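2 protein chains.
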Amino acid sequence: MSVETKKVNISVERAKTSKINQVDFDNLKFGSVYTDHMLVCDYKNGVWEAPKIMPYQQIMLDPSAKVFHYGQSIFEGMKAYKDDNGSIFLFRPLDNHKRLNISAKRLSIPELPEEYFMEGLTTLLELDSDFIPTKEGSSLYIRPFMFASGNGFHASPADEYKFIIACAPSGSYFSGKVKVLIEQTYSRSANGGVGFAKAGGNYAGQFYPTQLAIEKGYNQVIWTDDTEHEYIEEAGAMNIFIRINDTLITGPTSDRILDGITRKSILEIAKDNSIPTEVRKITVTEVVNAAKDGSLKEMFGAGTAAVISPISAFGYKDKDYDLPELENSYASKLKKLITDIQYNKSEDKYGWRFMVKS
Amino acid sequence: MSVETKKVNISVERAKTSKINQVDFDNLKFGSVYTDHMLVCDYKNGVWEAPKIMPYQQIMLDPSAKVFHYGQSIFEGMKAYKDDNGSIFLFRPLDNHKRLNISAKRLSIPELPEEYFMEGLTTLLELDSDFIPTKEGSSLYIRPFMFASGNGFHASPADEYKFIIACAPSGSYFSGKVKVLIEQTYSRSANGGVGFAKAGGNYAGQFYPTQLAIEKGYNQVIWTDDTEHEYIEEAGAMNIFIRINDTLITGPTSDRILDGITRKSILEIAKDNSIPTEVRKITVTEVVNAAKDGSLKEMFGAGTAAVISPISAFGYKDKDYDLPELENSYASKLKKLITDIQYNKSEDKYGWRFMVKS
Chain Y
1 MSVETKKVNI
11 SVERAKTSKI
21 NQVDFDNLKF
31 GSVYTDHMLV
41 CDYKNGVWEA
51 PKIMPYQQIM
61 LDPSAKVFHY
71 GQSIFEGMKA
81 YKDDNGSIFL
91 FRPLDNHKRL
101 NISAKRLSIP
111 ELPEEYFMEG
121 LTTLLELDSD
131 FIPTKEGSSL
141 YIRPFMFASG
151 NGFHASPADE
161 YKFIIACAPS
171 GSYFSGKVKV
181 LIEQTYSRSA
191 NGGVGFAKAG
201 GNYAGQFYPT
211 QLAIEKGYNQ
221 VIWTDDTEHE
231 YIEEAGAMNI
241 FIRINDTLIT
251 GPTSDRILDG
261 ITRKSILEIA
271 KDNSIPTEVR
281 KITVTEVVNA
291 AKDGSLKEMF
301 GAGTAAVISP
311 ISAFGYKDKD
321 YDLPELENSY
331 ASKLKKLITD
341 IQYNKSEDKY
351 GWRFMVKS
Chain U
1 MSVETKKVNI
11 SVERAKTSKI
21 NQVDFDNLKF
31 GSVYTDHMLV
41 CDYKNGVWEA
51 PKIMPYQQIM
61 LDPSAKVFHY
71 GQSIFEGMKA
81 YKDDNGSIFL
91 FRPLDNHKRL
101 NISAKRLSIP
111 ELPEEYFMEG
121 LTTLLELDSD
131 FIPTKEGSSL
141 YIRPFMFASG
151 NGFHASPADE
161 YKFIIACAPS
171 GSYFSGKVKV
181 LIEQTYSRSA
191 NGGVGFAKAG
201 GNYAGQFYPT
211 QLAIEKGYNQ
221 VIWTDDTEHE
231 YIEEAGAMNI
241 FIRINDTLIT
251 GPTSDRILDG
261 ITRKSILEIA
271 KDNSIPTEVR
281 KITVTEVVNA
291 AKDGSLKEMF
301 GAGTAAVISP
311 ISAFGYKDKD
321 YDLPELENSY
331 ASKLKKLITD
341 IQYNKSEDKY
351 GWRFMVKS
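Respectively, the protein sequence lines represent chains Y and U.
Numbering-wise (this note's numbering), the first sequence opens with residue 1 and increments by one.
Numbering-wise (this note's numbering), the second sequence opens with residue 1 and increments by one.
No lab work stands behind these hints: they were computed from the structure.
All values derive from a computational prediction rather than experimental measurement.
Fair warning: there could be bad hints in the mix.
As the list makes no split between identical chains, a pair holds if one copy fits it or if it spans any two.
Here are the computed lysine-lysine pairs in the DSS-like style, where the Cα-Cα straight-line distance is at most 27 Å [as the list claims (entries may be wrong)]:
#	residue 1	residue 2
1	Lys264	Lys345
2	Lys179	Lys264
3	Lys216	Lys105
4	Lys105	Lys179
One chain only, chain Y, in its complex shape (with noise of 0.2 Å):
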């Protein structure tokens, strides 16, 4: 798939020396060390400039910009795939702009013009193309994000903006299978709230849920509707599917739900491998009671970063509640499926993998 853009004017400033001796590719974190350059934008005077790709480096803000204090800021989660012949893919990245504005508009930033996303990231990309990892599990985080750089202290938008795109040769976000705890205290995200958006706020938030959930013993939390904690939303950085006996489940999105871009793709998958699906709301006593009938079979996150993490067990109200340990998964299929296409080790049918440089 390709699309056409608008030629866009992008300067370009090589930086002088490359880092890239510096990255140990056979021990990436996950989004811990970057590349040789970055694409910055600019929003002044009501208008996005041109974008600028320049050696990575520090940005300077006055104390009074807005991001420090109103939280405007937004990002988005790609990667960056290589072949085995040097090709570069990306994943439904316009499904990536597209929602960058969906959180821009919600948060009252100003929205980005798509040749500037789609220009700009390919740009960088064909750049620092030598930073993508081949290694299996491994691969090119990229991380466009859009902030208020405008400064004063009147909580209202501020009238300033950078869209920056930064990339990290990254490991697997989580080591080996997911304990979650489904959250009965704390809450995500309100009904006419910002909960689908890729909104800075949406995260800080649930650290220290999270936080307390670890020393319990668990990776991640599975958040809960605000009002009963009885409906499953998802689990910050991935949407949760449920599969009981042979049907796939995932909740529907709504406006605390983030639209995931592994998630629909998923979906779209599994009807297509004769995996039945089902998208509607899951209540937590019909996943205990599937867990004690043993009509549980599985449970898995996804997510770009995170892809699909297999969930070991899960615990809720004192009790943990073990996963069978499955042969044929459904999250092993789904994985090998979408990845194949990620990489183009398979045929793409669907038109979602963007060839960046053949």
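Given the structure of chain Y, go ahead and fit chain U onto it with the hints provided.
Frame of chain Y; chain U shown alone:
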């Protein structure tokens, strides 16, 4: 009132030249010009380092600093007051420090020692005391804030933070009376969320619904619960007071509503001045019915920035309800009582006034 604090070794680097001659003290906006100095305190390797005062200057951060991505940012709002003798006062500053740490805990930010806050603040104010406006309605707005300066794209708490205090000689927050819209679609916070914290993300989420309200001719949104939109919560930068007949009512604080220092001070002052008060849930139906039968006498917002902001009218479901113009309103009476304490014009039997410099 004064407190004993441990002596802290604060390093001071003075500005070479002062910007004070550039400040137009007769035409101050809210929070848009800053004093000569700022206080910076860094959290590194598990400890808060000693505070440093330095010339007000830009902050340098890595593009991967978590404040840009995960909204780990909190703040406080305070004011410094100068009396006719040039003495300088704060109002209940220890309560701001306490609340800062309450916010910090909920956002997984390390708590700041009281002596760093208090000594840092008073040292900074003494240095920049010439910036404290003396004109009626103006004040020095003080913004203590803390954010995640540590790096990484993993959605987890940062390992480094910055605490900064910056000050802005400011005019009033609202010009004139305020027309509010009782929100029926969007929400500010969830049960079990971070609404009680002064977290950056709580503000960004309000901007879009507030912009929609501004386009309809209102100045501010009054937030309601996220389930039924039937309970009055707060106004984002202010708590809300409602006078029905002679009783002054405000909602109880909760995990959704900020525990405002102006709010609780007003409650206490009102009680001591024979104004009947109630702290209880207020329904929108009750307010609309009171507007219809004439028992709704006043509504006002209360907060550090806005002090007491009388509300002239509220909108609810496409209908506007005007509030009467009162000769001796509770709002004006209470505003005089609280500002007289703040500006050292009356006795302070509560011990709320805190002398910075005599």
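So, going through the hints one by one against the coordinates:
1. In this assembly of identical chains, the alpha carbons of Lys264 and Lys345 lie at most 27 Å apart only when taken from the same copy (20 Å versus 64 Å across copies).
2. With identical chains, the CA atoms of Lys179 and Lys264 are at most 27 Å apart within one copy only, with a shortest distance of 23 Å there and 43 Å across copies.
3. Taking CA atoms no more than 27 Å apart as the test, Lys216 paired with Lys105 passes between copies only; the shortest distance there is 18 Å, against 38 Å inside one copy.
4. For a Cα distance limit of 27 Å, the shortest separation of Lys105 from Lys179 across copies, 24 Å, qualifies, whereas the shortest one inside one copy, 35 Å, does not.
In summary, the structure agrees with every hint in the numbered list given earlier.
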